[in-house]
Amino acid sequence: MSQDKSKKTELPADYLTYAHRDYGMDHQRYPWSMLTDRAPVTWPDNKQLALWVNVPLQYFPLNQGGVPFKVPGGMTMPYPDLRHYSLRDYGNRVGLFRFLRAFDRFGVKPTFAVNTRLVERTPYLSRLLKERDDEIICHGYHMDALHYAGQDPTAEADLVARSLDSLRELSGQQITGWLSPAKNESENTPDILAKHGIEYFCDWVNDDMPYDFQTSTTPLIAMPLSTELEDRFVIQNNLHSEASWCEQVRDACDFLLNEASNEGGRILALNVHPWLLGQPHRIGYLEQALDYISTKPEVWSASAGDIKTHWAKQQQPAG
Amino acid sequence: MKEDPGFYSYWPYQDRPKITWPNGARIAFWVAPNIEFYELDPPTNPYRAAWPTGSPSIAGYSIRDYGNRVGHTRQMNLLEKYGIRGSISLSTALCDHHPEIIAACKERDWEFFSHGIYNTRYTYGMSSKQERAMIQDSMQSIYSHTGQKCAGYLAPALSHSEETLDLFAEVGTELFGDDGGFYTCDLFHDDQPTPINLRSGKKFASIPYSLEMNDTIAFAVNKIEPRRYAEQLKLCFDRLYAEGESNGTIMCIPTHNYQVSCPHRLKAFEEALEYITGHSDVWVTTGREIARHFLDNHYTAAVADIADKEARAS
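Chains as they are written, first to last, in our numbering: chain C, 8 to 326; chain E, 232 to 545.
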């Protein structure tokens, strides 16, 4: 055989050795577990599907640094990118109020994932959120304050502390949930979050149900906030129509309700952005989707924290 | 580098010897779920980065983990409902990481074929010896965990060398004689099986696997709507079913548990499966069985026809 003739290169030996090739995951953050192997979960009043409507309230600074990358949805033009700055701001000024009317009309309990910098800058929003008293989770400091691989741990811990301290003070809430800007993390993010009083986070999309996530101190709970079904991914990344997004949400709702009837409670997590679906030509599709879901008697509309708490209560070992 | 990989000659899609399938079926239909393991922090390959950011690259890693934790069982149950045995394109390290998935598929008599060790270890830059060792490891893993003599190959993350198909066929012969290493899914030049020229002269076939019908290409590259994907699957089937009346065709749906098994996509996918399997003259089968049938019954005629047409053209 002449198989050694044609190739002249060779990779280092470690490319053909497999240090983690063993049972379970290739890291220690959580054990391997198939959804169907877990005990079924029930929701309050025997509801089958928990509806988690997650609303990111985001601030995209005009002087974006883009370290280590330009955040999706952020500035793309040479400075000053007034177009993207103001279009994102639209969500907090206009789109949000269309969202609130829709939520109240269909009896939906939203969860707000808030960039701390936004409420620092807008006392009106800060007060409004306080009055509504919906759950607030921290969405990082602002959209350009990314958490990323290789980030200096002290700098990241300072960023987390600043984001949480200020949001806790302004909201009057304890703030136990976290969503990283762009769902991006460093290798230390979960450890830092746990040390700063965070109980659950929403960055990992590897499940349809919550699960325990190990840190250097207290474990976090990972909450499943689907990226594949979020408005930005479907409409802005995939360029699907608003009608198609609505149809995909209905299909997901039907599918999960059916699965829940056989396998126990499920979660329909909708991440929806006021700067996108809050536009006049799109808001009707959010309303259609919420109308469809809210007419299902098996649906429990709840905050992320309440869903997490009900799930966690059922994870205690029996007896 | 070569101008042409040299695996096959030009062979027009008309006036070919007729391919017939078992029981007079017009079309051989198979589904190839890719069951993959992506590493959180793989070693660096000089020619291709595994992830867009340093580790952890959570978006990419976690959605693929979703496929194994959540998506797999959904797709497996759905295929079972429509009488389809999957032909698994397997990251063979998954036998070690997630043996529960392997056991469930084995119990259903699914086929396992090699998709490398991990989908984060690329062929690029490997020496022949290294690529041969990687392929051998993958085929041995399938054998030791399932008892199956691996027949097919889809290079990990579609990363190839000029020698990939030769090495796969040779290792297959060394391990299993004529029962191993006899078809590839790496080439997309035809809607029928075709003979592949190898340096060993082994009887070896390319079985159409279809990138166009691949859910990752549909959802992540072409970014189409779930229902449009189902529509494309049905259109593809309709045409190949019609053409299969005069000369047998093949349709493959390559899937990924982290794509098609998302809650907002399964309903449309099920509609397509129901439609396809609802036709009478469909051979619902596996990649291995198609390749075996072709090699045993039609390969010789195909080789002769190709040679004859080449001779007449020159």
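There could be a bad hint or two in this list.
[Stated by the list, open to error] Below, in silico cross-link-like pairs of lysine-lysine (DSSO-like), each with a Cα-Cα straight-line distance of 30 Å or less:
1) C:K54 to E:K312
2) C:K303 to E:K233
3) E:K233 to C:K54
4) C:K190 to C:K202
5) E:K312 to C:K190
6) C:K15 to E:K233
Please keep in mind that the hints were generated in silico from the structure rather than gathered at the bench.
Hint check results:
{"no.": "1", "hint": "C:K54 to E:K312", "result": "holds, 27 Å"}
{"no.": "2", "hint": "C:K303 to E:K233", "result": "violated, 61 Å"}
{"no.": "3", "hint": "E:K233 to C:K54", "result": "violated, 62 Å"}
{"no.": "4", "hint": "C:K190 to C:K202", "result": "holds, 19 Å"}
{"no.": "5", "hint": "E:K312 to C:K190", "result": "violated, 36 Å"}
{"no.": "6", "hint": "C:K15 to E:K233", "result": "holds, 15 Å"}
Checked against the numbered hints given earlier, this structure breaks hints 2, 3, 5; the rest are met.
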